[in-house]
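Visitor: Sequences listed follow chains F and H, in order. For the first sequence, counting from 1, position 12 maps to 12 in this note's numbering; every step adds exactly one. For the second sequence, counting from 1, position 78 maps to 78 in this note's numbering; every step adds exactly one.
FYI, nobody ran anything at the bench for these hints, they're computed from the structure. Each residue gets a CB set at the ideal place from its N, CA and C atoms; glycine is no exception. Where hints are given, some of them may not hold.
[Stated by the list, open to error] Not close to chain H: a few residues of chain F, all C-beta gaps over 12 angstroms, as computed:
no., residue
1, Gln6
2, Ser27
3, Glu44
4, Arg64
5, Lys68
6, Gln80
7, Arg85
8, Asn103
9, Glu104
10, Gly110
11, Arg112
[Stated by the list, open to error] Some but not every residue of chain F turned toward chain H, in silico, with C-beta under 10 angstroms:
no., residue
12, Val4
13, Ser7
14, Pro8
15, Gly42
16, Leu43
17, Leu45
18, Phe65
19, Pro70
20, Phe74
21, Thr76
22, Phe91
23, Cys92
24, Ala93
25, Phe106
26, Phe107
27, Leu116
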Amino acid sequence: DAGVIQSPRHEVTEMGQEVTLRCKPISGHNSLFWYRQTMMRGLELLIYFNNNVPIDDSGMPEDRFSAKMPNASFSTLKIQPSEPRDSAVYFCASRTTGLQGYNEQFFGPGTRLTVL
Amino acid sequence: LAKTTQPISMDSYEGQEVNITCSHNNIATNDYITWYQQFPSQGPRFIIQGYKTKVTNEVASLFIPADRKSSTLSLPRVSLSDTAVYYCLVGPGGSQGNLIFGKGTKLSVKP
Numbered sequence: 001d002a003g004v005i006q007s008p009r010h011e012v013t014e015m016g017q018e019v020t021l022r023c024k025p026i027s028g029h030n031s032l033f034w035y036r037q038t039m040m041r042g043l044e045l046l047i048y049f050n051n052n053v054p055i056d057d058s059g060m061p062e063d064r065f066s067a068k069m070p071n072a073s074f075s076t077l078k079i080q081p082s083e084p085r086d087s088a089v090y091f092c093a094s095r096t097t098g099l100q101g102y103n104e105q106f107f108g109p110g111t112r113l114t115v116l
Numbered sequence: 001l002a003k004t005t006q007p008i009s010m011d012s013y014e015g016q017e018v019n020i021t022c023s024h025n026n027i028a029t030n031d032y033i034t035w036y037q038q039f040p041s042q043g044p045r046f047i048i049q050g051y052k053t054k055v056t057n058e059v060a061s062l063f064i065p066a067d068r069k070s071s072t073l074s075l076p077r078v079s080l081s082d083t084a085v086y087y088c089l090v091g092p093g094g095s096q097g098n099l100i101f102g103k104g105t106k107l108s109v110k111p
């Protein structure tokens, strides 16, 4: 199993540009999570999906951020327009929810975003 | 979701046993306790999970007292490669919810 796949691994862009981050969860997993990590704020949950449906997006910082999951094998996190304060490492994680009490999330390698 | 409190940092030496304690005074009946490990430039990785008493796997042990208001992650005989940030999380299992990561405990293992 290739694990959770994220692309790109690194992204450098200029303020005002649109940024799209991509994630392929582990096959068979039905929950997907987007996190953002910075030194100041730590690891923050942005949004999560169950069976491709957004369940909780209260962590999405503002309307500039949007996330979609068109099918079970693909999700995107889009920032439009991007700002320097969006610079962070963005992680995608997936898990299966079939087991009661089993919370193991599998994280991808992350996308390091730098907005100049 | 229950709030957790754990030390910001800990130092240890190779070969020692390390115990990291986490407080979660308002843990709910259906909450589980989960620990993750994160190395620099990598995503967090699941270590262990428990509900009560003691759980042990090939990596660590998790001790949970009867009142479940705290838990202790025990790493036996640490090595330099165990230097990482360790997160304690408390939350409902299955499809009922998600996990909230706090700041974690930065463990530094020295030779």
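Visitor: If a hint holds in the structure, say so; if it doesn't, say that too.
Guide: For each hint, the structure was consulted:
1. Gln6: violated, 9 angstroms
2. Ser27: Given a closest Cβ separation of 18 angstroms, the condition holds.
3. Glu44: violated, 8 angstroms
4. Arg64: holds, 22 angstroms
5. Lys68: holds, 18 angstroms
6. Gln80: The claim holds: Gln80(F) sits with its nearest Cβ about 25 angstroms from chain H, beyond 12 angstroms.
7. Arg85: Check passes; 19 angstroms lies beyond 12 angstroms.
8. Asn103: violated, 5 angstroms
9. Glu104: violated, 4 angstroms
10. Gly110: violated, 6 angstroms
11. Arg112: violated, 8 angstroms
12. Val4: Since the shortest Cβ distance to chain H is 8 angstroms, the answer is holds.
13. Ser7: violated, 14 angstroms
14. Pro8: It is violated, given that the least Cβ distance between Pro8(F) and chain H is near 15 angstroms, above 10 angstroms.
15. Gly42: Holds - the Cβ of Gly42(F) comes within 10 angstroms of chain H, reaching about 5 angstroms at its closest.
16. Leu43: Leu43(F) check passes; min Cβ-Cβ to chain H is 4 angstroms, inside 10 angstroms.
17. Leu45: holds, 6 angstroms
18. Phe65: violated, 17 angstroms
19. Pro70: Where the cut-off is 10 angstroms and the nearest Cβ of chain H is about 21 angstroms from Pro70(F), the hint is violated.
20. Phe74: violated, 18 angstroms
21. Thr76: With a minimum Cβ separation of about 18 angstroms from chain H (threshold 10 angstroms), the hint on Thr76(F) is violated.
22. Phe91: holds, 5 angstroms
23. Cys92: holds, 8 angstroms
24. Ala93: Cβ of Ala93(F) sits 7 angstroms from chain H, so the hint holds.
25. Phe106: This hint holds: Phe106(F) lies near chain H, its Cβ roughly 8 angstroms from the closest one there, short of 10 angstroms.
26. Phe107: holds, 3 angstroms
27. Leu116: Since chain H brings no Cβ nearer than about 21 angstroms to Leu116(F), farther than 10 angstroms, the hint is violated.
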